[in-house]
Amino acid sequence: MTKGELRRGARDGSAEAVVGQEQQLSDAFVSLADSLVADYDVADLLHRLAHHCVNLLDIAAAGLLLADQRGTLQVVATSSETSRLLELLQLQHDQGPCLDCFHSGSAVIAPDVALASDRWPIFAAETLAAGYRSVHALPMRLRDDVIGTLNLFGVRPGPLTEADTRIGQALADVATIAILQERAIRHHEILAEQLQHALTSRIVIEQAKGVLAERGSLDMDQAFNQLRRYARNTNTRLTDLARGIVEGTVDSAAVLSPRLRRQPPSHPPEDP
Amino acid sequence: MSEPGRLRRELRALLADRSRGAAALDRLCVGVVSALPVDGSAISVTTAAAVRGYSGASDSVCARLDDLQFTLGEGPSWHAVRSGRPVLVGDLTGLSGERWPMFTPAVLAAGFRAIFAFPLQIGAIRLGTLGLFCARSGLLDGEALGDALVIADVAALTFLDAEAGDSSAPVDLPLGDDLDSAGAYRAEVHQATGMAMAQLGVSAQEALVRLRAHAFAAGLTVDEVACEIVARRLRLDGGLFG
Numbered sequence: 091m092t093k094g095e096l097r098r099g100a101r102d103g104s105a106e107a108v109v110g111q112e113q114q115l116s117d118a119f120v121s122l123a124d125s126l127v128a129d130y131d132v133a134d135l136l137h138r139l140a141h142h143c144v145n146l147l148d149i150a151a152a153g154l155l156l157a158d159q160r161g162t163l164q165v166v167a168t169s170s171e172t173s174r175l176l177e178l179l180q181l182q183h184d185q186g187p188c189l190d191c192f193h194s195g196s197a198v199i200a201p202d203v204a205l206a207s208d209r210w211p212i213f214a215a216e217t218l219a220a221g222y223r224s225v226h227a228l229p230m231r232l233r234d235d236v237i238g239t240l241n242l243f244g245v246r247p248g249p250l251t252e253a254d255t256r257i258g259q260a261l262a263d264v265a266t267i268a269i270l271q272e273r274a275i276r277h278h279e280i281l282a283e284q285l286q287h288a289l290t291s292r293i294v295i296e297q298a299k300g301v302l303a304e305r306g307s308l309d310m311d312q313a314f315n316q317l318r319r320y321a322r323n324t325n326t327r328l329t330d331l332a333r334g335i336v337e338g339t340v341d342s343a344a345v346l347s348p349r350l351r352r353q354p355p356s357h358p359p360e361d362p
Numbered sequence: 002m003s004e005p006g007r008l009r010r011e012l013r014a015l016l017a018d019r020s021r022g023a024a025a026l027d028r029l030c031v032g033v034v035s036a037l038p039v040d041g042s043a044i045s046v047t048t049a050a051a052v053r054g055y056s057g058a059s060d061s062v063c064a065r066l067d068d069l070q071f072t073l074g075e076g077p078s079w080h081a082v083r084s085g086r087p088v089l090v091g092d093l094t095g096l097s098g099e100r101w102p103m104f105t106p107a108v109l110a111a112g113f114r115a116i117f118a119f120p121l122q123i124g125a126i127r128l129g130t131l132g133l134f135c136a137r138s139g140l141l142d143g144e145a146l147g148d149a150l151v152i153a154d155v156a157a158l159t160f161l162d163a164e165a166g167d168s169s170a171p172v173d174l175p176l177g178d179d180l181d182s183a184g185a186y187r188a189e190v191h192q193a194t195g196m197a198m199a200q201l202g203v204s205a206q207e208a209l210v211r212l213r214a215h216a217f218a219a220g221l222t223v224d225e226v227a228c229e230i231v232a233r234r235l236r237l238d239g240g241l242f243g
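Going down the list, the sequences are from chains A and B. Its first residue numbered 91, the first sequence is counted upward by one per residue in the working numbering. Its first residue numbered 2, the second sequence is counted upward by one per residue in the working numbering.
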């Protein structure tokens, strides 16, 4: 059964499909919860979370934006590394549902972007050109603070079901916890430290993707997949591996090799 | 946040004197103290291996405290440069101060209660650290924190150029407009940095310097040049795409 059939089945209430979706959903949350206990890598976890959004919800692409305390929204994770999706997320420095969601602190839903060109002329045009019709922006909240937003793109017009919206918000909440690394943030200062850490991790990963893309003649999506595959296979934190590649302590040829070579990372783990 | 544009302009004026070394850095640190609600500041420029190079401070006490951290191998600035994360401590007499058994008593004896350290970095490119000292305990408010991060961004880009070993980088590379802040760079700038590293066989730091120099020489923004590189329409090594 394909994902689309599964979703349609779930909406129609077919028992087999509902069980299938519930199984997927619980698997996703169990896997996220598992990774939250150990010394996890926030960049890796957020990427997986973006993929869970696409697998679990009736959407085609997802992206996480984080406010950087200089007043701009920065991309920290996407379900695909295509430049089109990145562009849609990045142009929301200036306009778009994410920016509105970040400022209002509530979900902003554009069931049909074709009807939103008055509100966000550039964003609406670019979204349609990229092949998406619906956009949902869900807030990542910590009490009174909004630290970022989860952006969901669908290829057909129409709002998400109530159930999908709830799951989306739950995933946004997991992302918030993952970034803050503590369920109870007692101090504003810890919040600032963790936000900066998540943003820096993303930059290190972009730099490493560039190295791999050039050395392996790959596009950015393929470069990221190689990076993540090697990190998993060698049990290395994604950010540590990326840093090792950029600093030259990890051999990028090994990361690009189709066959796995067991090479322990020579880069020391980050200070706690 | 207070006007980041104004803050950047003030910083650029302070940094206009591009003479390298401690005197210019000292003046920058004095400027930081006047721009932020803090009583002292220190900047250490480090090598890629997080070894401290030259440094500057707003006064001799802060200079000594900054130096002490790198001597002892502990303290917020030392930790910030190693971990790549800001270290913000609103009250050193609390639990947080116990992380640095040798450094904390020295800070308290010098009359400071709060200390904030920000890494100067662009992803994996580590350039140094900015330390802020306050006589009264308390956190930086949202505006001061935002301003401190802007200062760290601007300082990181300044040291990026100053520390580049390659003489092909124009020495008078301007700091650009208000948007030329590492914190505001698009993802493509960092991807292009990695691609340029591999094309040129240089460090990330030098690759970013070359990218910025190319943008400056071509009259383009850094973002525009980066997008050309990522789209494989431009190579910084002068090679052609088939």
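Some hints could be false.
[Stated by the list, open to error] Listed below are several chain B residues computed to face chain A (Cβ distance under 7 Å; list not exhaustive): (1) S61; (2) G85; (3) R86; (4) P87; (5) G124; (6) L146; (7) R187; (8) H191; (9) Q192; (10) G195; (11) M196; (12) L201; (13) A205.
[Unchecked claim] Here are the simulated distance ranges between beta carbons: (14) L109/B - S121/A: 42 to 50 Å; (15) E99/B - N325/A: 30 to 38 Å; (16) P102/B - A123/A: 43 to 51 Å; (17) A215/A - L109/B: 56 to 64 Å; (18) G54/B - Q113/A: 53 to 61 Å; (19) A219/B - P211/A: 38 to 46 Å; (20) D68/B - A219/A: 19 to 27 Å; (21) R100/B - N325/A: 23 to 31 Å; (22) A219/A - G139/B: 43 to 51 Å; (23) S121/A - L96/B: 44 to 52 Å; (24) A136/B - S194/A: 34 to 42 Å; (25) G221/A - A136/B: 30 to 38 Å; (26) G195/A - G239/B: 28 to 36 Å.
Hints in this document: simulated from the structure, not taken from any laboratory. Because the structure is a prediction, the values reported are computed rather than measured. By construction, the Cβ of each residue, glycine as well, lies at the ideal position given by its N, Cα and C atoms.
Hint check:
1. S61: violated (28 Å)
2. G85: Holds: closest Cβ of chain A sits about 6 Å from G85/B, inside 7 Å.
3. R86: With Cβ-Cβ at 5 Å, under 7 Å, it holds.
4. P87: This hint holds: P87/B lies near chain A, its Cβ roughly 5 Å from the closest one there, short of 7 Å.
5. G124: holds (3 Å)
6. L146: holds (6 Å)
7. R187: For R187/B, the interface hint holds, since the closest Cβ of chain A sits about 6 Å away, which is under 7 Å.
8. H191: holds (3 Å)
9. Q192: holds (4 Å)
10. G195: holds (2 Å)
11. M196: The hint holds - M196/B has a Cβ within 7 Å of chain A, the shortest such distance being about 4 Å.
12. L201: violated (10 Å)
13. A205: holds (5 Å)
14. L109/B - S121/A: 42 to 50 Å: At roughly 46 Å between Cβ atoms, S121/A and L109/B fall inside 42 to 50 Å, so the hint holds.
15. E99/B - N325/A: 30 to 38 Å: Taking Cβ atoms as reference, E99/B and N325/A lie about 33 Å apart, which means the hint holds.
16. P102/B - A123/A: 43 to 51 Å: About 36 Å separates the Cβ atoms of P102/B and A123/A, which means 43 to 51 Å is violated.
17. A215/A - L109/B: 56 to 64 Å: holds (58 Å)
18. G54/B - Q113/A: 53 to 61 Å: holds (56 Å)
19. A219/B - P211/A: 38 to 46 Å: violated (29 Å)
20. D68/B - A219/A: 19 to 27 Å: violated (55 Å)
21. R100/B - N325/A: 23 to 31 Å: holds (29 Å)
22. A219/A - G139/B: 43 to 51 Å: 49 Å Cβ-Cβ, so the 43 to 51 Å window holds.
23. S121/A - L96/B: 44 to 52 Å: violated (34 Å)
24. A136/B - S194/A: 34 to 42 Å: This hint holds: roughly 39 Å between Cβ atoms.
25. G221/A - A136/B: 30 to 38 Å: Given about 57 Å between the Cβ atoms, the range is violated.
26. G195/A - G239/B: 28 to 36 Å: violated (50 Å)
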